[in-house]
Amino acid sequence: MATATTDSAARRFAVACGVLSRFVKAAGPVPMPMSAYGAAPRVGALQGPDGPPADGAQQLTIFYGGRVVVLDGCTPAGAAELIRYAAAAASPPVAAPATALVDIPIARKASLQRFLSKRKGRSITALDDPPYSRPQEAAPPPPAKKRKTEASSWLTLGSLGDMHAQ
Amino acid sequence: MGGEAPEPGRLTRALSILDGSGVPEEALHLVLAHVDDPRDREAASLACRRWHRIDALTRKHVTVPFCYAVSPARLLARFPSLESLAVKGKPRAAMFGLIPDDWGAYAQPWVAHLAAPLECLKALHLRRMVVTDDDLDALVRARGHMLQELKLDKCSGFSTDALRLVARSCRSLRTLFLEECTITDNGTEWLHDLAANNPVLVTLNFYLTYLTVVPADLELLARNCKSLISLKISDCDLSDLIGFFQIATSLEEFAGAEISEQGELRKYADVKLPSKLCSFGLTFMGTNEMHIIFPFSAVLKKLDLQYTFLTTEDHCQLIAKCPNLLVLAVRNVIGDRGLGIVADTCKKLQRLRIERGDDEPGMQEEEGGVSQVGLTAVAVGCRELESIAAYVSDITNGALESIGTFCKNLYDFRIVLLDKQERITDLPLDNGVRELLRGCTKLRRFALYLRPGGLSDVGLSYIGQHSGTIQYMLLGNLGETDGGLISFAAGCRNLRKLELRSCCFSERALALAMLQMPSLRYVWVQGYRASQTGGDLMLMARPFWNIEFTPPSTENAGRPMEEDGQPCIDRHAQVLAYCSLIGKRSDYPQSVVPLHPA
Numbered sequence: 001m002a003t004a005t006t007d008s009a010a011r012r013f014a015v016a017c018g019v020l021s022r023f024v025k026a027a028g029p030v031p032m033p034m035s036a037y038g039a040a041p042r043v044g045a046l047q048g049p050d051g052p053p054a055d056g057a058q059q060l061t062i063f064y065g066g067r068v069v070v071l072d073g074c075t076p077a078g079a080a081e082l083i084r085y086a087a088a089a090a091s092p093p094v095a096a097p098a099t100a101l102v103d104i105p106i107a108r109k110a111s112l113q114r115f116l117s118k119r120k121g122r123s124i125t126a127l128d129d130p131p132y133s134r135p136q137e138a139a140p141p142p143p144a145k146k147r148k149t150e151a152s153s154w155l156t157l158g159s160l161g162d163m164h165a166q
Numbered sequence: 001m002g003g004e005a006p007e008p009g010r011l012t013r014a015l016s017i018l019d020g021s022g023v024p025e026e027a028l029h030l031v032l033a034h035v036d037d038p039r040d041r042e043a044a045s046l047a048c049r050r051w052h053r054i055d056a057l058t059r060k061h062v063t064v065p066f067c068y069a070v071s072p073a074r075l076l077a078r079f080p081s082l083e084s085l086a087v088k089g090k091p092r093a094a095m096f097g098l099i100p101d102d103w104g105a106y107a108q109p110w111v112a113h114l115a116a117p118l119e120c121l122k123a124l125h126l127r128r129m130v131v132t133d134d135d136l137d138a139l140v141r142a143r144g145h146m147l148q149e150l151k152l153d154k155c156s157g158f159s160t161d162a163l164r165l166v167a168r169s170c171r172s173l174r175t176l177f178l179e180e181c182t183i184t185d186n187g188t189e190w191l192h193d194l195a196a197n198n199p200v201l202v203t204l205n206f207y208l209t210y211l212t213v214v215p216a217d218l219e220l221l222a223r224n225c226k227s228l229i230s231l232k233i234s235d236c237d238l239s240d241l242i243g244f245f246q247i248a249t250s251l252e253e254f255a256g257a258e259i260s261e262q263g264e265l266r267k268y269a270d271v272k273l274p275s276k277l278c279s280f281g282l283t284f285m286g287t288n289e290m291h292i293i294f295p296f297s298a299v300l301k302k303l304d305l306q307y308t309f310l311t312t313e314d315h316c317q318l319i320a321k322c323p324n325l326l327v328l329a330v331r332n333v334i335g336d337r338g339l340g341i342v343a344d345t346c347k348k349l350q351r352l353r354i355e356r357g358d359d360e361p362g363m364q365e366e367e368g369g370v371s372q373v374g375l376t377a378v379a380v381g382c383r384e385l386e387s388i389a390a391y392v393s394d395i396t397n398g399a400l401e402s403i404g405t406f407c408k409n410l411y412d413f414r415i416v417l418l419d420k421q422e423r424i425t426d427l428p429l430d431n432g433v434r435e436l437l438r439g440c441t442k443l444r445r446f447a448l449y450l451r452p453g454g455l456s457d458v459g460l461s462y463i464g465q466h467s468g469t470i471q472y473m474l475l476g477n478l479g480e481t482d483g484g485l486i487s488f489a490a491g492c493r494n495l496r497k498l499e500l501r502s503c504c505f506s507e508r509a510l511a512l513a514m515l516q517m518p519s520l521r522y523v524w525v526q527g528y529r530a531s532q533t534g535g536d537l538m539l540m541a542r543p544f545w546n547i548e549f550t551p552p553s554t555e556n557a558g559r560p561m562e563e564d565g566q567p568c569i570d571r572h573a574q575v576l577a578y579c580s581l582i583g584k585r586s587d588y589p590q591s592v593v594p595l596h597p598a
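Those protein sequences? They're chains U and C, same order as listed.
Using the numbering used here, you'd call the opening residue of the first sequence number 1 and step up by one each time.
Using the numbering used here, you'd call the opening residue of the second sequence number 1 and step up by one each time.
Hints listed in this document are in silico derivations from the structure and should not be mistaken for laboratory results.
Where a beta carbon is used, it is the ideal one built from N, C-alpha and C, also for glycine.
Hints may be right or wrong, so weigh each one.
Said to hold, decoys possible - If you want the footprint, here are the derived chain C segments under chain U, 3+ residues with CB under 8 Å:
hint, region
1, 154-166
2, 350-358
Stated by the list, open to error - Every beta carbon over 12 Å from chain C, so not counted as near; a handful from chain U, in silico:
hint, residue
3, 61
4, 66
5, 84
6, 107
7, 110
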């Protein structure tokens, strides 16, 4: 699948960036603003015409997906920042918010609801003294969304009538 | 067939037989009379006008899956020899209190046309419809003398007065089915009248109707109706039925008695159940009353434990004694341990239902809750399963794969993932669902209700891709984006009825998806990215396709379910779209906006 190959390619890129960043950090930081991810090919402002520039800016070449990007005068800090972007892109994407997923709790069938209400009202001697004592379960985690106060919502699994074969 | 081509003369004769003109009318009648499957009938009626006419004259049974799809007059005029008619009304969500009482599905237009032209009608089955005393009066006047089977299934709107009329006028009644109907109780005479006037009664069911019952009337029933083999009643203490059971020696199926006092062993000690009993359910039965079942547990074919107080251990002990079970219904207190016993013991099991118990702390039952462990055990152990419906607390792809591998006879599969447990072992279920659908080739009905993250868009496309011959689906909390719905729809060739709930899709995507499913004739949706007016739904407007929209309620109608179990109406938007030959219905309630036809 396209997504799978992209993921593994991104991971390889991130590893390479990690190696590169170790080299870059050794050269020391000089802050340089980056306008956008995938910066413009020519950054030149701080670059001297000949020899290694005073602030450590060097040419950065990136090979990715069959394309080559060359950044002149990329300072160590700039390179580090680029690498950070790349590494962040390679990590698993933040779970996309369930786009406006309507939060409706599962509903109960009316017949069963009635039975459960009746049961609550009776003295449940059978359950109070069962042959096996109820295990001390950890209290169930309170539902993150307060579903219980919502109007009872719905799920159908068919009716009792289904049980009796036609 | 020989190796030579037939002579021209014989070929012409062969062709004329194919087009029917060479075959006598009577022969075609005889042949078609043996064709019962509704899909075969449908196909035959489309072959040519002659076959259409003969099918119409010989059709014995029609099921109308949705009462607003066709006109009663037209349908009943087409099939004058009809013996049996079934009509379904309100959306299934009505069983969960999500459909207002005045929504519609009135029986009156149907009953009105059941009189003179239909000489042969002897069975009527209405499901989730509003039936009044007047309707039953009209029915009895039209068909009472011939009526053998009357099934009012989760209907409402009538009283015991109408039942008295039925009891007195329908002497040929073999089946009276009223399960889960809402009936106004004006007295118990109806049962006495039924017992006194209907000697050929075979099946009587007024389970979950909460009507008052007089044990003496049941004893009269047992004395007079020697053919009675199935009885399901509204609540009556078991100890009051001792006399009844002594008389009803032919009884094979019984439910509706309750244990009103736990632990009162003397009270129930004299209960002796009929020897042929093989289908049973006992409300409020607890650990101390379980032994009542032991004498006939080995012959039990159907067992309903949904309304009992049994613990997990009780389930294990009881089910271990029931090797011949075909149908089992329980709550999820049965636990994985109990399902393990089912898998080891009930090798002939065909239908399994695991309902949702109480989730509240304090009411929580020990070891309750069913997971992939129990499901897998059942899949491996019960290879004859045809129908599984389960509320599970946890699930894995592996469990679904096991079902696909072992349950080759499955035609109905429904699973709901409960929302109490925060972490589910193995989500998304994309691969498991795919393998289940690929393995269970006979599947006709499928329901999958998960949570966000439960099934990705890819998984949803798998459902469409492997939908095979599935005709009905309920999908809840599935998919991630509109794209998932569209790719699902692209795969569903045979889907006729679709219910969607709590999904993330836009109105536009819903409309476009519906257009893609060639067999779709009914769709119900609640919980989606609804607009206030349902405007985008008009994208699926086309002839013979009705679109009804219930706008999201602006008022705060979200009060919780009442304590006595009376449901309240949900405030989320709803969409109902369906094929119809009769245009906009005239009886829609205030809450419903007909979008098309407008």
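Non-conforming hints, listed in increasing numerical order: 1, 6, 7
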